[in-house]
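Residue numbers for the sequence shown follow this note's numbering, beginning at 1 and rising by one.
Be aware that a few hints might be false.
Said to hold, decoys possible - Derived DSS-like pairs: lysine-lysine, alpha-carbon spacing no greater than 27 Å straight-line:
(1) Lys301 - Lys258
(2) Lys155 - Lys62
(3) Lys314 - Lys258
(4) Lys488 - Lys457
As the list claims (entries may be wrong) - Per label pair, the in silico range of CB-to-CB distance:
(5) Ala325 - Ser297: 36 to 46 Å
(6) Lys258 - Arg162: 27 to 37 Å
(7) Ser289 - Asp484: 48 to 58 Å
In short, the hints are calculated from the structure, not lab data.
Where is the CB? At the ideal position from N, CA and C, for every residue including glycine.
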Amino acid sequence: MTRSNARQGGKALRTSRSRGLAATTGLAAVAGALMLVSPAAAQLQPGVNAPMTFADIVEQVKPSVVSINVSTGGRQLAQNRTPRNPNGRRGGRTPFPDLAPDHPLNEFFRNMPRGQAPNGRRPRAPRRAAQGSGFVISADGFVVTNNHVIDKAEKITVRFGRNESYEAKLVGADPRTDLALLKIESDKTFKPVKFASDLGRVGDWVVAVGNPFGLGGTVTVGILSAVNRDIGSGPYDFIQIDAAVNRGNSGGPTFNLKGEVVGVNTAIYSPSGGNVGIAFAVPARTAQSVIEELKRSGSVKRGWLGVRIQNVDKDIAASLGLAEATGALINEVTGGGPAEKAGLQAGDAILQVNGEKISDSRDLARKIAAFSPNSSVDIRVRRGADDQTIKVNLGTFPGASTASNAPQQPAQPESPSSPTAVASLGLELTTLRAPDRGIERGVVIAEIEDNSDAATKGLQAGDIITQVNSQAVSRPSDVRAAVDRAKKLGRPAVLLTVQTAQGRRLVAVQFK
């Protein structure tokens with residue numbers, strides 16, 4: 001997955017029958033057809049929603065689409081380093097970028113020793129220029145684009161065609177949806193476009209207009225390929241289109257045949273970095289709500305629960321006695337966060353928020369984010385064998401996580417010579433004799449059967465089991481007892497809370 005803008009010249013974010021009869025018969029049929037079909041009728045006949053041409057739509061919306069040029073400051077390069085040239089070799093850039101490629105001074109500067117420049121100073125990286133797209137949403141000059149287009153910008157220029165450009169200021173940005181709002185610094189009245197209230201149906205025509213590779217005003221056409229796409233970029237869904245989108249299209253609009261914006265282009269799927277017919281856009285409804293909040297306050301404030309979550313799969317559902325695999329399982333509670341203060345625990349499965357069913361972890365993230373900070377919500381959870389409702393006062397979603405993701409070394413079993421087998425799980429366990437990774441009590445996996453469900457799900461020797469079905473364990477006998485209780489309840493699996501080298505996991509392990 002690459003960001004479709006991937007600033008030109010910069011990195012991409014990694015981020016169209018039956019056998020014939022005899023020749024004489026075929027020719028006769030063709031001749032007859034030519035006599036019967038008039039030149040006008042030979043053109044493509046439009047369907048109910050298919051125009052003969054897209055020119056009228058383009059003429060309507062093109063004055064509202066802009067090219068965005070961004071410059072960011074250069075930085076002093078480290079000693080003994082020089083910029084790379086386009087083919088990847090060092091020393092390729094010269095202090096005089098206007099020199100013709102075959103100018104003899106180019107060879108001189110390419111061969112100059114590293115870390116030197118004609119004036120004896122260390123070289124500086126040039127100011128970087130980025131290009132993207134955007135569109136006007138108000139007559140007074142508010143412009144929508146992508147956050148990654150204007151990120152760290154020192155100067156933003158909005159261009160209409162070749163000869164009309166304006167400086168713009170950043171009103172606000174939302175990295176979570178990759179949207180940004182600009183304001184053109186001019187008293188001129190501009191032609192705006194509006195967001196669509198309905199995405200339409202998969203298969204509907206769409207028109208993308210933007211600034212790919214700096215070629216402003218480029219128009220491409222395709223269809224709405226899919227909706228509700230998860231592209232691994234937060235809890236929000238994207239729409240997919242097959243209109244050609246390339247570097248520089250980021251922040252540009254995708255229109256329906258009414259000239260309404262159905263999406264803001266933000267990413268492409270491409271092994272090569274170029275168009276392969278799969279592009280993603282922020283849906284109009286999401287974009288409109290974010291832009292309205294950016295216009296009001298310059299930022300987007302979302303509710304925050306303070307948990308790390310995962311989906312409830314069939315095995316986890318079975319271990320918790322749930323009839324279906326729905327909900328979001330808490331695998332870690334943020335210290336001092338709203339969830340911890342309210343009493344939510346790792347191992348709780350969140351089933352409802354304010355009476356609304358939770359389908360999966362992304363659904364929970366979206367629902368919580370939709371609340372304003374300091375909102376009070378009722379969280380219904382399955383804990384052990386019981387359901388309970390817990391009231392939580394939400395916090396404000398933080399701008400960046402402060403949790404450390406540094407990998408840790410796995411714990412080593414304290415007494416590998418005397419492990420205790422828990423045959424139902426395919427594990428041999430020992431007691432944790434000394435604190436490890438901040439864990440005071442737990443059971444260490446000494447050995448694991450290769451064909452066991454635990455091994456299939458990635459558990460390894462050295463992992464520490466701290467809870468079974470939300471109950472703390474400190475000895476192998478505690479694990480055995482928890483397994484026996486689960487079997488008496490008719491459950492086919494237990495839910496293990498495990499500290500691995502990569503962090504805490506909740507894993508439902510089936511009985512052998």
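Here is how each hint holds up against the structure:
{"no.": "1", "hint": "Lys301 - Lys258", "verdict": "violated (32 Å)"}
{"no.": "2", "hint": "Lys155 - Lys62", "verdict": "holds (24 Å)"}
{"no.": "3", "hint": "Lys314 - Lys258", "verdict": "violated (44 Å)"}
{"no.": "4", "hint": "Lys488 - Lys457", "verdict": "holds (24 Å)"}
{"no.": "5", "hint": "Ala325 - Ser297: 36 to 46 Å", "verdict": "holds (39 Å)"}
{"no.": "6", "hint": "Lys258 - Arg162: 27 to 37 Å", "verdict": "holds (28 Å)"}
{"no.": "7", "hint": "Ser289 - Asp484: 48 to 58 Å", "verdict": "holds (51 Å)"}
When the structure is compared with the earlier hints, violations turn up for hints 1 and 3 and for no others.
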